[in-house]
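*Asks:* Each chain, written out:
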Amino acid sequence: MPPASDLPPVSAAVVVAGLVKQFGRFAALRGVNAQFAPGRLYAILGDNGAGKTTLLRALAGLTPPTRGSISMLGTTDLRSVCGQLGYMAHPSLLYEEMSGMENLGYFARLYDVKNSDQRCADVIRAVKLDPSLTRPVGQYSQGMRQRMSLARALLNDPKILLLDEPFSNVDLRSARGMVNLLTGLRAAGKTIFVVTHQASLLEGAADEFVWMEAGQIVSRTSDLQHQETR
Amino acid sequence: MSTVASLTRATLAKDLRLEWRSKDAINSMLFFSLLVVVIFSFSFDPTAEESRHIAGGLVWVAFLFAAVVALNQTWAREMRNQVLDAYRVSPAPPNALFLAKVIGNFIFVTVLQALMTPLFIVFYNLRALGPAYQLPIVAALGTWAMVVNGTFFAAMSLRTRSREIMLPLLLFPISIPALLAMVEATGAILTGEFSARFWIVLLAAYDVVFTIASLFLFGFVLQAE
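First to last, the sequence lines map onto chains A and B. Just so we're aligned: 35 in this note's numbering is position 35 of the first sequence, and the numbers increase by one with no gaps anywhere. Just so we're aligned: 165 in this note's numbering is position 165 of the second sequence, and the numbers increase by one with no gaps anywhere.
Simulated from the structure, these hints should not be mistaken for lab results. Using N, Cα and C, we set each Cβ at its ideal position, and we do this for glycine too. Relax, there's no trap hidden among the hints.
To give an idea of the interface, some chain A residues facing chain B are shown, with a C-beta separation under 8 angstroms as derived from the structure:
| id | residue |
| --- | --- |
| 1 | Gly83 |
| 2 | Ser92 |
| 3 | Tyr106 |
| 4 | Leu110 |
Some chain B residues flagged as far from chain A (calculated, every beta-carbon gap over 10 angstroms):
| id | residue |
| --- | --- |
| 5 | Ala5 |
| 6 | Phe40 |
| 7 | Trp75 |
| 8 | Ala76 |
| 9 | Phe106 |
| 10 | Met116 |
| 11 | Pro118 |
| 12 | Leu119 |
| 13 | Ile121 |
| 14 | Phe123 |
| 15 | Arg197 |
| 16 | Leu215 |
Excised from the complex, chain B in its bound form:
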């Protein structure tokens, strides 16, 4: 266990260092989300009340699409010079690599959310009428749901010819329950019309199930040709 934790830390530190130097993932995600915010704000001109109803969907769809950019980058980096093979021939456990990638992607998407949320608030004139303290919980659980599945399916589509297309095809259908929970919970908090508790519990359960399943299956994905 301590080996997994120590190797997860080492791999995460390496990934953060690589991202700090290249800024591949964060720049692409930022520009993508910025475009979504601006285009949507020109396309719709909602009142504050309407915004509260549609913002959950807008925000999470924007973050989901932006996350796909980061998810593709995270493994593309390992494919350059076939560095992934160096990990595969080492005695290091596959789960350490997977966890490091998930935590790294979680950090990248969280940074993106921290930068983009103020813009969403300004452009869509948002203010929570429900319990606002639940928003960070929904954000954390929703982001984990996106990145844990995304990291797993990005690894699965790694050796396919058109992996940029393959990832959304695999990821989006399986993310529907999580996306629904994120959108409904966010909508509930912003409008204050109903409780978000059920959707938060659903998100938490989704995270637990898919994290365990991904950890269990990742070794097979890593060793596949």
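Bound conformation, chain A alone:
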């Protein structure tokens, strides 16, 4: 499998074919087929248990599919493109005993980020937090943790961003700030997937609303109103 950097430009950033994920006898994903274009913002919606988080984890390479395939940036070897992914989970993925800068400094090493101190400070400021904050993340409010978690996902300047519930427990003003940031990133050519229950926040920002039900994608629309009246 050629490394992602050597591959020609692709028309679809992500291609999912016949994706099935079973946990024991329970099928969380039941044959998902979809193509996602680069430089677009996708809101993935659905009830609890619809398979949104499992799909996102599968795209991140954290949950190996039972059947089917995922192609990302032109390769099915997800490990070779993991440096170009940014992943934000429902939990913060941060060490509670360390400050925001210390956390990001460590993750910058994992991604071999150049000029890491400057980059860490920049992404912290981008999510409207203060890089000079020395208190440990464990003492942050839930909203601050969410924003620091988003900063961590942005650290490696990823081409594809996978965000699971980024707005949960975030106040409305901060959530709108996060949406503006995502809109800017989309304009810069990033492909963004946002799993959320707060779809209205992404109205006007998302290019497509992808609705999941019982482990399958049941509709894709550009208009949230249309989707909600299905």
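Go by the hints and put chain B onto chain A.
*Replies:* Same frame as chain A, now just chain B:
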């Protein structure tokens, strides 16, 4: 290779910083070992000669049980807020994480040994009649054997429901050859009755085999669901 070394250093520095701030592992290990020393000293009242024969077993069993506490802590820290997933989605090699954890645990257990050995010497009236310079070699090889397997099996039992029980169940049987070598080598050095050379070579071979096997298999363990 340099990436692995550099990431091992970064992860080790992060783990030492976390331990310095929380003191989770070192405090639990210290209290546990202290209890073992005190309880054993009340339970037995051996003469100096008897002590030399049983001390190897007592010391290593105490350190092995205490190490299990640290080994559980080392991965529990990565499971809080699912931070381990952040490592799994990164391009960082799994071996760097494993080596950092092993070296970190080695440091914690060595600190514990440095603090507890004087107590063992006082409580059990110990004095080596054999070549005492071999004791640090046995300690280093024995500790490495404990932590390399312990770190690997702690990672394996990470996602099981009762990981605190699962770790000793997996670790202790496979540690029997190493434990036997540690106890026999320590006994040989303390009593001076026979040479510890064979047991030291066995420990070294055990360390090499299990370090290579763990490094080879850890990637599969890390990526498992």
